[in-house]
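*Asks:* Spelled out from the first residue to the last, the chains are:
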Amino acid sequence: MAEQTSQSISISRHAFSYQPPAIQGDFQGKHIISVDQFQRADLDILFQAATAIRERIRTQDRGLTELCAGKVMASLFFEASTRTDMSFQAAMRRLGGDVIAVSNGVRFSSMYKGENLSDTIRATGCYADVIVLRHPEIGSSYEAGYYLDLLNQRIDNPTVAISGGDGIGEHPTQALLDIFTIYDQKQALDKLTITLVGDLKHGRTVHSLAKLIANYAAAEVRLCLVAPASLRMPSAITDLVKSHQITVIETDNLLDVIEETDVIYWTRIQEERFGERAAYERIKDRFIMTPRMLKLAKADAILMHPLPRKHEMGTREDHDILDADPRSIYFEQMENGMYVRMALLVKVLRGVYV
Amino acid sequence: MAEQTSQSISISRHAFSYQPPAIQGDFQGKHIISVDQFQRADLDILFQAATAIRERIRTQDRGLTELCAGKVMASLFFEASTRTDMSFQAAMRRLGGDVIAVSNGVRFSSMYKGENLSDTIRATGCYADVIVLRHPEIGSSYEAGYYLDLLNQRIDNPTVAISGGDGIGEHPTQALLDIFTIYDQKQALDKLTITLVGDLKHGRTVHSLAKLIANYAAAEVRLCLVAPASLRMPSAITDLVKSHQITVIETDNLLDVIEETDVIYWTRIQEERFGERAAYERIKDRFIMTPRMLKLAKADAILMHPLPRKHEMGTREDHDILDADPRSIYFEQMENGMYVRMALLVKVLRGVYV
Amino acid sequence: MAEQTSQSISISRHAFSYQPPAIQGDFQGKHIISVDQFQRADLDILFQAATAIRERIRTQDRGLTELCAGKVMASLFFEASTRTDMSFQAAMRRLGGDVIAVSNGVRFSSMYKGENLSDTIRATGCYADVIVLRHPEIGSSYEAGYYLDLLNQRIDNPTVAISGGDGIGEHPTQALLDIFTIYDQKQALDKLTITLVGDLKHGRTVHSLAKLIANYAAAEVRLCLVAPASLRMPSAITDLVKSHQITVIETDNLLDVIEETDVIYWTRIQEERFGERAAYERIKDRFIMTPRMLKLAKADAILMHPLPRKHEMGTREDHDILDADPRSIYFEQMENGMYVRMALLVKVLRGVYV
Numbered sequence: 001m002a003e004q005t006s007q008s009i010s011i012s013r014h015a016f017s018y019q020p021p022a023i024q025g026d027f028q029g030k031h032i033i034s035v036d037q038f039q040r041a042d043l044d045i046l047f048q049a050a051t052a053i054r055e056r057i058r059t060q061d062r063g064l065t066e067l068c069a070g071k072v073m074a075s076l077f078f079e080a081s082t083r084t085d086m087s088f089q090a091a092m093r094r095l096g097g098d099v100i101a102v103s104n105g106v107r108f109s110s111m112y113k114g115e116n117l118s119d120t121i122r123a124t125g126c127y128a129d130v131i132v133l134r135h136p137e138i139g140s141s142y143e144a145g146y147y148l149d150l151l152n153q154r155i156d157n158p159t160v161a162i163s164g165g166d167g168i169g170e171h172p173t174q175a176l177l178d179i180f181t182i183y184d185q186k187q188a189l190d191k192l193t194i195t196l197v198g199d200l201k202h203g204r205t206v207h208s209l210a211k212l213i214a215n216y217a218a219a220e221v222r223l224c225l226v227a228p229a230s231l232r233m234p235s236a237i238t239d240l241v242k243s244h245q246i247t248v249i250e251t252d253n254l255l256d257v258i259e260e261t262d263v264i265y266w267t268r269i270q271e272e273r274f275g276e277r278a279a280y281e282r283i284k285d286r287f288i289m290t291p292r293m294l295k296l297a298k299a300d301a302i303l304m305h306p307l308p309r310k311h312e313m314g315t316r317e318d319h320d321i322l323d324a325d326p327r328s329i330y331f332e333q334m335e336n337g338m339y340v341r342m343a344l345l346v347k348v349l350r351g352v353y354v
Numbered sequence: 001m002a003e004q005t006s007q008s009i010s011i012s013r014h015a016f017s018y019q020p021p022a023i024q025g026d027f028q029g030k031h032i033i034s035v036d037q038f039q040r041a042d043l044d045i046l047f048q049a050a051t052a053i054r055e056r057i058r059t060q061d062r063g064l065t066e067l068c069a070g071k072v073m074a075s076l077f078f079e080a081s082t083r084t085d086m087s088f089q090a091a092m093r094r095l096g097g098d099v100i101a102v103s104n105g106v107r108f109s110s111m112y113k114g115e116n117l118s119d120t121i122r123a124t125g126c127y128a129d130v131i132v133l134r135h136p137e138i139g140s141s142y143e144a145g146y147y148l149d150l151l152n153q154r155i156d157n158p159t160v161a162i163s164g165g166d167g168i169g170e171h172p173t174q175a176l177l178d179i180f181t182i183y184d185q186k187q188a189l190d191k192l193t194i195t196l197v198g199d200l201k202h203g204r205t206v207h208s209l210a211k212l213i214a215n216y217a218a219a220e221v222r223l224c225l226v227a228p229a230s231l232r233m234p235s236a237i238t239d240l241v242k243s244h245q246i247t248v249i250e251t252d253n254l255l256d257v258i259e260e261t262d263v264i265y266w267t268r269i270q271e272e273r274f275g276e277r278a279a280y281e282r283i284k285d286r287f288i289m290t291p292r293m294l295k296l297a298k299a300d301a302i303l304m305h306p307l308p309r310k311h312e313m314g315t316r317e318d319h320d321i322l323d324a325d326p327r328s329i330y331f332e333q334m335e336n337g338m339y340v341r342m343a344l345l346v347k348v349l350r351g352v353y354v
Numbered sequence: 001m002a003e004q005t006s007q008s009i010s011i012s013r014h015a016f017s018y019q020p021p022a023i024q025g026d027f028q029g030k031h032i033i034s035v036d037q038f039q040r041a042d043l044d045i046l047f048q049a050a051t052a053i054r055e056r057i058r059t060q061d062r063g064l065t066e067l068c069a070g071k072v073m074a075s076l077f078f079e080a081s082t083r084t085d086m087s088f089q090a091a092m093r094r095l096g097g098d099v100i101a102v103s104n105g106v107r108f109s110s111m112y113k114g115e116n117l118s119d120t121i122r123a124t125g126c127y128a129d130v131i132v133l134r135h136p137e138i139g140s141s142y143e144a145g146y147y148l149d150l151l152n153q154r155i156d157n158p159t160v161a162i163s164g165g166d167g168i169g170e171h172p173t174q175a176l177l178d179i180f181t182i183y184d185q186k187q188a189l190d191k192l193t194i195t196l197v198g199d200l201k202h203g204r205t206v207h208s209l210a211k212l213i214a215n216y217a218a219a220e221v222r223l224c225l226v227a228p229a230s231l232r233m234p235s236a237i238t239d240l241v242k243s244h245q246i247t248v249i250e251t252d253n254l255l256d257v258i259e260e261t262d263v264i265y266w267t268r269i270q271e272e273r274f275g276e277r278a279a280y281e282r283i284k285d286r287f288i289m290t291p292r293m294l295k296l297a298k299a300d301a302i303l304m305h306p307l308p309r310k311h312e313m314g315t316r317e318d319h320d321i322l323d324a325d326p327r328s329i330y331f332e333q334m335e336n337g338m339y340v341r342m343a344l345l346v347k348v349l350r351g352v353y354v
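Chains as they are written, first to last, in the numbering used here: chain R, 1 to 354; chain G, 1 to 354; chain D, 1 to 354.
I should point out that these hints are in silico values taken from the structure, not numbers from a laboratory. All residues carry an ideal CB built from backbone N, CA and C; glycine is no exception. One or more of the hints may lead you astray.
[What the hints assert, rightly or not] In silico EDC-like cross-links for lysine to aspartate or glutamate, where the CA-CA straight-line distance does not exceed 20 Å: (1) K186(G) - D156(D); (2) K310(D) - D325(R); (3) K186(R) - D42(G); (4) K310(G) - E115(D).
[Unchecked claim] Here are the in silico distance ranges between beta carbons for each label pair: (5) A324(R) - R350(G): 27 to 35 Å; (6) Q39(D) - R350(G): 28 to 36 Å; (7) D285(R) - R350(G): 45 to 53 Å; (8) N157(D) - Q60(R): 52 to 60 Å; (9) D325(R) - A22(G): 28 to 36 Å; (10) D320(D) - P234(R): 28 to 36 Å.
For reference, chain R alone in the conformation it holds in the complex (with noise of 0.2 Å):
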């Protein structure tokens, strides 16, 4: 697990001992926490039970809402986070199954107030089948699963954890819908160019999406990391995608590589990562993609964006054009999201997508 950058409230030391399971090729009932726990095998059934899932939806199979009918999914957001948690939610109704939340949010709630956070899983997990966790601080999801197995002991139905993102720490399920949509729109990731642009140091989904990456070793892929020099990737990171021999290229300027890259994944740099403002006004225009900039793609590269976005892609005028442009696939990459979930949802509560 990520070291603790502060005193933690919430969380115990179990956290930092607590190993998640590897997938190794079986979801049903373990608890999703880490892209460490994915291999290049699991990836390959989560996007083939994403594709089939999609294609239910498509065809408007009612099949589907029998797949997880009678099972409750609860919603702990100690954060707001729209988008993972809407796209949960649809993903679990789509499934037949339902979902419950705290009324008034959980931020009013005595859980927010100095609960422990190991009380407030288990009291959850008492009613709920599955439950997706977003919590400001990293470790949070790690304890989830250590007292989500103690408790499963104890009671009638066993929950499992899903982490919704920690703080700065991991966002695994927007890791997963990132490479899926990859995969889904490449058909693989062979021979692909894949190019990250942003704060790469601390953007936790550049960080989990890299480390995906690395499993295609053989699929002769290459990551280009561009980022102003303080914000650059870790080097563990980079080490770790190296140590799988994929060639990594790192520069401060998307010109280098543009022309030569299939993945554009743009991300956002926040002036307040900068010591100074005079560091951020001499590269911020280097970090904002415009349809200027799009133009000089090929022609088939694909524009990616976890959303939401600011002004890193210019002005609303840039934006309308950037999105009527058939190469950003940003919003079928939110999609790709709820059948990522769905299928994660599936698998982790059923064993089977049929």
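For chain R, the structure is supplied; the task is to place chains G and D on it using the hints.
*Replies:* Chains G and D alone, transformed into the frame defined by chain R:
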């Protein structure tokens, strides 16, 4: 679309040129944004559907829950409107459909903080089949219609928007449930004298209702408008109504018309609308419905109110007396809100209600 | 109904004269507002239903989701109570029913700001079959019962209220799940020594539980009340219990009774309840359950707690040790909360649970 009163944060220029589609007898796949989309024949279809659905609920017809099974409604409320919110939720549930919403409330979400509404709407459109949008800015539902049309060209499952009210602009489903309630209570609108009372200048509910009443010219409907001189109905709307050969009577004294009124539609006058307190003090008592006032009404008159009510129906003791009067049908009106919204949901999602 | 402590904003005088109906073996259509509605035979029916429903969940009996299919529960929480809230939601879902709630939380709604509770309740009653109400004011659930009875004479589908707790007044479903848990763990209440510990003056949970225990006079139950002198159980309640020939033992020291206790019901003492800090400091350590204290209890005792817990069970390390003890059954108690609420919902909505 109505003029915008201040610099918009969320709404693009597209909202101001977007025209929602006329219903013309076919609701399926059409955004519901304005009462201007409806003609009398469309209202007839809606009334018939609402009546049939109510009967099926009364007889506990379980087939109802097949009508929207497998469909997902997203509830996007950027400001509170508990009745609209809960009645849409209940409507969708009773049709067998599911509802998603931001767990912690949209006010705490990234959606609320600076993201363009156009992105929020499209993100939600990736997950849901229908979006009910309540937003404080005029034009917000037009913006939703415009951008969903763009998204629908790209994704698998098209998404429909239904306005739950946009600021001081329009609130079409409130007007539809109001006109349905009149029709339902009186069997027809023929020869009715309908009296709207209160702040007719700012009340969007009464504006939209007046527009819908204009469709009933041939039925010899008369419209009485009772308001203080400074809060009269805008002439744009009275002119429209008059152009349909509806008789319009304007006065600042309910006593002038109460004895001949069949339908009393009561709304609140807010002190803040008056420049000086003295002006408010002079007129306020005339705009409080009391048991004594209701005594003057016809034996078969009906008293309507969109709720919530505050001082405009007197004291808590007055409420008790008014509520016990069979002519007070505001709770039946509210119940009708659910049936009308069920009718709308099933018509836009499926086209038919059997 | 309990006396009101301060000038009420939301509650009318009707709440103070309203008597909720005695169950007398028939739950259907009856508001659940007070433990005073229940006699021993009613508890037996409820226990039987809860046990049967739990068994059906354990065996994944899909017929359960037929029991409340097509029914809508409205969750009206004017203050946070995450466990009550989520367990009612899960209960209704697992019975196949649906749940509606204010999307942004009732705290931001017009309901919260000045509308009479009587209007809020009736508005909600227009949409829902059952309302679960949590409200900070004593008498709020009586108010709900009174006004729903009026509404039910007017609208098509009658609506039932279930109290989710009203301020420092009553919280009947907590008491019902507590007494069920004792019955369930011990197979009967016969000859049990039940010990309630903590602030017995202000704790509504222990008041209601004591009243329910009074129904088991013939079972030779003994009730021990352990509290500081200034926080003893009100004499009105101890007198009631004694009038049923239940032996009551009062002390401020758990050591006096722990060795003969079968059921330890632990609650928190809040520092704010003491006039001077010194008084609190003198007694507080005696009201912290520790692993060392639990060692003194019988081998087959059970330790209950309504949760959430804070300092009254010591440190996080203490929690880990206590939680691992098979006598600590507070998570099973919480799980039972869902089964008891399922039993109540199905009984008030349908009368039968098969």
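*Asks:* Does each hint hold? Answer for all of them.
*Replies:* Outcome of the hint check:
1. For a cut-off of 20 Å, the pair hint linking K186(G) to D156(D) stands: about 18 Å separates their Cα positions.
2. For a cut-off of 20 Å, the pair hint linking K310(D) to D325(R) is broken: about 55 Å separates their Cα positions.
3. Only pairs whose Cα atoms come within 20 Å are accepted, and K186(R) paired with D42(G) is rejected, the gap being roughly 46 Å.
4. A distance of roughly 7 Å separates the Cα atoms of K310(G) and E115(D); the hinted pair therefore holds under the 20 Å criterion.
5. Distance hint for A324(R) and R350(G): a CB-CB separation of about 31 Å, consistent with the stated range 27 to 35 Å.
6. The beta-carbon spacing between Q39(D) and R350(G), approximately 49 Å, falls outside the hinted interval of 28 to 36 Å.
7. In this structure the supplied range 45 to 53 Å holds for D285(R) paired with R350(G), their Cβ-Cβ distance being about 49 Å.
8. Remark: the range hint 52 to 60 Å for N157(D) to Q60(R) is contradicted by a beta-carbon distance near 31 Å.
9. For the pair D325(R) and A22(G), the supplied restraint of 28 to 36 Å holds, since their beta-carbon distance comes to about 32 Å.
10. The hinted window of 28 to 36 Å between D320(D) and P234(R) holds, with their beta carbons roughly 33 Å apart.
Comparing the model with each earlier hint shows violations of hints 2, 3, 6 and 8; every other hint is respected.
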